[in-house]
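Q: Sequence:
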Amino acid sequence: KVVVVVGSGGREHAIAWALAKSEGVGRVYVTPGNAGTDKASNGRVENVPAMSREDLASFCKQKNASFVFVGPEQPLAEGLADFLNEHGVRCFGPSAAAAQIEASKKYSKEFMARHGIPTASFETFEDADLACAYIDRCRYNVVIKASGLCAGKGVIVASSKEEAKQGVRDILGGQLFGEAGQTVVVEERLEGREISFLVFASGTSFVAMPASEDYKQRFEADRGANTGGMGVVAPSPLVDESLRNRILRTVIEPTLAGLVKDGTSFTGTLYTGLMLCTDGTVKVLEYNCRFGDPETQVLLSLLASDLADIVEHALCGRLEDVRVKWHEDRFAVAVVAVSEGYPGKYP
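Residue numbers (my numbering): 1432 to 1778.
Hints listed in this document are in silico derivations from the structure and should not be mistaken for laboratory results.
C-beta atoms are modelled at their ideal positions from N, C-alpha and C, and glycine is treated no differently.
A portion of the hints provided could be inaccurate.
Stated by the list, open to error - Pairwise CB distance ranges (calculated): (1) Val1764 <-> Ala1466: 20 to 28 Å; (2) Gln1493 <-> Ser1591: 24 to 32 Å; (3) Pro1668 <-> Gly1609: 21 to 29 Å.
To be verified - Calculated cross-link-like contacts (lysine-lysine; reagent style BS3-like; alpha-carbon spacing at most 27 Å): (4) Lys1492 <-> Lys1452; (5) Lys1470 <-> Lys1432; (6) Lys1692 <-> Lys1537; (7) Lys1494 <-> Lys1537; (8) Lys1432 <-> Lys1756; (9) Lys1492 <-> Lys1470; (10) Lys1584 <-> Lys1537; (11) Lys1494 <-> Lys1470; (12) Lys1470 <-> Lys1592; (13) Lys1494 <-> Lys1432; (14) Lys1592 <-> Lys1537; (15) Lys1692 <-> Lys1756; (16) Lys1432 <-> Lys1452; (17) Lys1756 <-> Lys1452; (18) Lys1756 <-> Lys1776; (19) Lys1584 <-> Lys1776.
When you get a sec, could you build the whole thing from the sequences and use the hints?
A: Pasting the structure below:
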């Protein structure tokens, strides 16, 4: 069996590594991959150059690939899964319409409000003066988010109203995130502990992964700018069976049901960033339409079952038939090394 992974990061390395361990998988192609993926897993993983989606579909047919596993969000938001499926190549990843839950924070917040999924109070703006006036009226601290895709870095956790208003001006002025900042979400700043909760999904069926803790701030002791993730540990000791069941009931199940109801049924990996609030509630901070990075590295290290088999069941609409096992006797940790200056401009 041949499978193809799209992407170039540590996340895609972990996905390729896990697929190469799968029974029946003889070759994993990664496009474009990186120095770590090429000739990995005793030569069963091979890099191929980045290519257009037309060339990717042709390549998959030439190699008789069983499926494509898309790592990053940008190709999904641009409709890669739609294109491949339309051309007879199965893709583990959501449609562009379903990927809007990550590609547009405005859309995702309105989706949560529409389907009764717990999240922070919010408003969306395209005008800086209106946004600043709203911030002045707020009786709580706020977080400013660029609505578009920013590789996990489009959030300003403001410590004052002045900082929040400056963040609004910087985002809407295009200085920080370009076109991704044409709309901002101003939302209540929640206090508590943040966790990541991911599931393999197919329609309303899902397989939950262990909860993990992703540490996003740049420096030790939760200081510095917000990043795409500086490290992660799984399983999270914060999540016991009772809390896990509450997350499934109040977040995962209504999210997948809402996507189906809206005509955007989701197949792929659904990521929910959650805040375990100090008042005991659980609220959704964000959705991702794919595996997180660096969560992938730890979660797939804990997976005891066959990843390719899970994907096959999801693509066939039979995810409820697969029995997934995890290594419950261990923890996994990932630490990210970054360039000086990250997540801003590098020196």
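Q: So, for every hint listed, does it hold in this structure?
A: Tested hints:
1. Val1764 <-> Ala1466: 20 to 28 Å: 23 Å, holds
2. Gln1493 <-> Ser1591: 24 to 32 Å: 57 Å, violated
3. Pro1668 <-> Gly1609: 21 to 29 Å: Violated - the Cβ-Cβ distance for Pro1668 and Gly1609, about 39 Å, lies outside 21 to 29 Å.
4. Lys1492 <-> Lys1452: Cα-Cα ~23 Å, so holds.
5. Lys1470 <-> Lys1432: 17 Å, holds
6. Lys1692 <-> Lys1537: Answer holds: Lys1692 to Lys1537 is near 19 Å, not above 27 Å.
7. Lys1494 <-> Lys1537: Since the Cα atoms of Lys1494 and Lys1537 sit roughly 40 Å apart, the hinted pair is violated (cutoff 27 Å).
8. Lys1432 <-> Lys1756: Holds, because 22 Å separates the two Cα atoms, which is no more than 27 Å.
9. Lys1492 <-> Lys1470: 22 Å, holds
10. Lys1584 <-> Lys1537: 16 Å, holds
11. Lys1494 <-> Lys1470: With a Cα-Cα distance of about 17 Å, the restraint between Lys1494 and Lys1470 holds, given a limit of 27 Å.
12. Lys1470 <-> Lys1592: Distance of about 51 Å is beyond 27 Å: violated.
13. Lys1494 <-> Lys1432: Since the Cα atoms of Lys1494 and Lys1432 sit roughly 9 Å apart, the hinted pair holds (cutoff 27 Å).
14. Lys1592 <-> Lys1537: Satisfied, since the Cα-Cα distance of roughly 21 Å is no more than 27 Å.
15. Lys1692 <-> Lys1756: With Cα atoms ~30 Å apart, Lys1692 and Lys1756 exceed 27 Å; violated.
16. Lys1432 <-> Lys1452: 12 Å, holds
17. Lys1756 <-> Lys1452: 15 Å, holds
18. Lys1756 <-> Lys1776: Violated: Lys1756 and Lys1776 sit about 42 Å apart, past 27 Å.
19. Lys1584 <-> Lys1776: Holds, at about 13 Å.
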